[in-house]
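Peer 1: Listed below, chain by chain, are the residues.
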Amino acid sequence: MKKIDIHVHSRIYLTEEEEKSAIFRPGTEKLTYATPEQIRTLYDDLGIEKGVLLLSEAPEGMHYTSTNQEAMRIVRKYPDLFYWFCSIDPRCETNRYDTDLSYYINHFKKYGAKGIGEVTVKLPFLEERMQNLFRHAEICDMPVLFHIGTDNSSYGIYDVMGLKQLEETLLRFPNLILIGHSQPFWAEIGSDLTEKDRDGYPTGPIKKAGRVVQLMRKYNNLHADLSANSGYNAVTRDPDFGYAFLEEFQDRIYYGTDICSTRREKSFKLAEFLDQGLEKNKLSNSAYSKICRTNALRLLER
Amino acid sequence: MKRIDMHIHSVMHYDEFEKQSDILRPYPNTGTFATPEELKPIYERLGIEKGVLLPIVSMEGQHRMMSNEEIYRIACAYPDMFYWYCNADPRWYSNSEDTDLGFFLEHYKKLGAKGIGEVTSKLAFDDPKMRNLFYHAQKLRMPLLFHIGSEKEPYGIFDMLGLPLLEKTLFDFPDLIFIGHSASFWSHISKDVTEETRSSYNKGPVTEGGRIPKLMRMYPNLLADISANSGYYAITRDPDFGYAFLEEFQDRLFYGTDICAPREYVFYNMINFLDDGYKNNRLSKAAYEKINRLNAEYILK
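So the sequences go chain by chain: Y and G. Using this note's numbering, the first residue of the first sequence is number 1, and each one after it goes up by one. Using this note's numbering, the first residue of the second sequence is number 1, and each one after it goes up by one.
Only chain G is shown next, with the shape it has when bound in the complex (with noise of 0.2 Å):
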């Protein structure tokens, strides 16, 4: 069964002097994000038949743009290899919490957009702008994947250890589907998690009782999606408790990447996780399947 990943960047470049001039991050072989055809032969190699394009919007922690319109031109090129997501930040045009953000969802909805994200804005889950943002991707029906950061960290909604804020949001917003994203969040799949490691790729046995397991028993809103390195380290530091949770939450998680450069990524090795669990009798046929792909295309119909 070939996969979808629910979180992948990208950027078009139309010639070589575009590819040339983009600028890169200023860390050693971090480059910048993958074209399509350098995310081709990766998706081959993963067994992904189709990713969601995420754009990028806001500035904060990010050494380049991805707009809607440049995202969008993507997906309408690629037309077999993408569906898209677009974005919106809270501070938009009125900057205010009453700025229709609505009409610039819409748009893009009419456009295909099938949800909003990935929101890394660095305003708290209760800023009331970014409330109006979650006020108006439930009117929509627009899902929304989002990044939470700490106070240190430089891009996410904010929350606090523990994430009291995004159990608010849960309660407040309760026919909006958040699906959740980023270390800060998936530390919190362990009950040990603190201050000093939240932000962290955390190893070893997960402590019963976190907050990412419980928040998902309480609230049917609340989705995940297993990119990144955060992702894999989350569900497959415990191996037992991450087959656990993937039965447990089957309808609710999307496999995904989160390739932001063509390069070589531990998190690779998630497709080999959920293969060998499947091939082992540790994962359920139905789990695997839903996991890997139909809960996507669910959401993404």
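So here's chain Y without its partners, still in its complex pose (with noise of 0.2 Å):
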């Protein structure tokens, strides 16, 4: 079963000079986001069919300016390779609590995005603005993916320890799909965080399920993006634990990279954990294929 990644990044050159000239992450080995055609290659390493590509147009956190323009123009340009989610920052236009927000976000609903994200502006979960961009999520029936920020992250929506600001969100908005991901989302699968630790990678035993496991029990419109090393880490720090929330969560949790770059990540481990899980019978062939495949195109294929 080929895999759907539900978290990817990308980047196009319309000539050689433009990718002469790409800017990359400071300080890295010429690292950017990777072309379509280099994620087609990953794509076949990895049994991925077709991924969800997410941009975000906030300044916060980023080596390079994605838009939804160039993000609609690689999707026309693959339509076998992508789907594709919408940016939209709370500060656009009246940068104020009541800009109409949908009026954006059925634009490009319109141009087939099938969802907003990856939301990573820097503001608490419960700012006016980002409260205003939950209510028309809402109103538009489109989810939104998230990547939660710490006091000390580059870019993501604040939160405390406790997701207590992401609870508050999941109560008020019933009907909106929110899709989590990032370190601090994913660190609290576990109960034993410090604050020093959300923004990692915690590792060893799960003695207490955490606030992740809590939020997902207790709001059915909490879904999660196992993609980049903060989803492999969580899934797979405690084999058992990992697969029976898998388990448990089947038809709320997606397959996903997180590709950023040509480099070729830890994380990418994450399809053999799924493989094994169902060869050694530790994870079931609905769960597997849902988590996989299904639970994506549910979202995607509306």
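Derived from the structure by calculation, the hints contain no laboratory data. All clues given are correct.
Lysine-lysine pairs mimicking DSSO-like chemistry, simulated, CA-CA at most 30 Å apart:
no.	chain 1	residue 1	chain 2	residue 2
1	G	K110	G	K139
2	Y	K30	G	K110
3	Y	K122	G	K122
4	Y	K164	G	K122
Here the structure is a predicted model, which is why all the values come from computation and not from measurement.
Taking the hints as your guide, dock the two standalone chains into a single complex.
Peer 2: As structure tokens, this is what we get:
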């Protein structure tokens, strides 16, 4: 079964000169977002059929300004490779709590956007402009994929340890699908978390289920993407716990990569972890299929 | 003499689908940014030879972004029509006061960017991240064109009434060329500006003692573009004052448009104000030529 990747980033060059003059992340070995062709190669290795192209126009933490227009250009050129989510920054236009963000969301929805994200804006969940974004996303029936940030993170929707603001948001917008992602989200899979570990990748057995588990039990509108080292680490640090978690929330979890460059990431081993789970009967056939593909298709082929 | 436009925005579409699918502002008749082809007849009419393309990389107050890459692409496609500035948001990358923004600025400088702007990020002039941008701009000797915003405005570098934070910035970065712009900048041409009027296009006689003339007298690193309705009203609201202002600061003012859509604007009349001033001996030949073209040519070398 070919996988669907809920979380990928890309950029496109229209000429060779553009590719030669590309901006990279500072201090890296010429790393920037992978091109669709480079992603295709990685996808072939990972058994992925299509990915959801995500972007954020928020400046926080960025090295390159992705735009909705560029995303549409990519998806139009590679319809067999990508679905897409649009970027909506709650500070656009009037930069107020009552901006009609539905205008923007519906525009991009009309052009095929299946959701909103990755939302990386560094504002708290309960900040009034951010709440305005959630309100309009719910009205427009568009899922929101988000990155949580801490005080120390360069980007991501801010929440305190324990994700109290996320909980309030889940409560206020019961019909909005919120797809969680990032270290401060996945670090909360276990309850033994400290403030300094929130931005990292806590390791070792999970003695007691954390807030992510509690919130997923309590709120059906909380979904999660397994992408990046954060997602990979969370479900593999304690394999028995991880497989049980995947089994329990099999209807609301998505396979993903968060490919941000051509580099082969440790988290690519997630595909192996899922495959092994199925082979060793630690993961049911139904959970495996849903997580790897059918949950995403349900969201994307509506 | 053909003019240089110090302040222009543009977008480029590759086919009809891209044009149709581009997002428009949600207000009647405001559309989106003009394409180079749409700008051509306007430039012809206004007697403009070339413009300085300014990207927008901070989403505050915008309906769409214009990345450095998109603007560079336009500049490469229309080398006879445009120079370009790059842009940087101080919250990029590590989103801290010590991000190496020079890495980005230098990259785009090597690709021909002549300055930085229009800086529209809604952070205060004295925010450590904003000061970090000024620090790197000064180090790379790249002029910085900025939009000032009040607390109530959706975008623009924040300053209080009277522009005390801008003054401190001018003092602290004496080798950085600052090019002022926006309603909240130009409203300070008159002393009687208030919190209520600072974001408006104020009309009527100018009260002597405004902060802009004062700051321009005190700080040679403060320059200004007279684009948009903000620049137009500031200079024309009191013609005698306006011509005297242009004459006094003739070495540091730039003609500009800030065309943000292919439509009519009041500020298109700026050319008549300048031309009439020259014809009627209210503006010297030197001032006329510098403001329309030579100052820009000098800074864009």
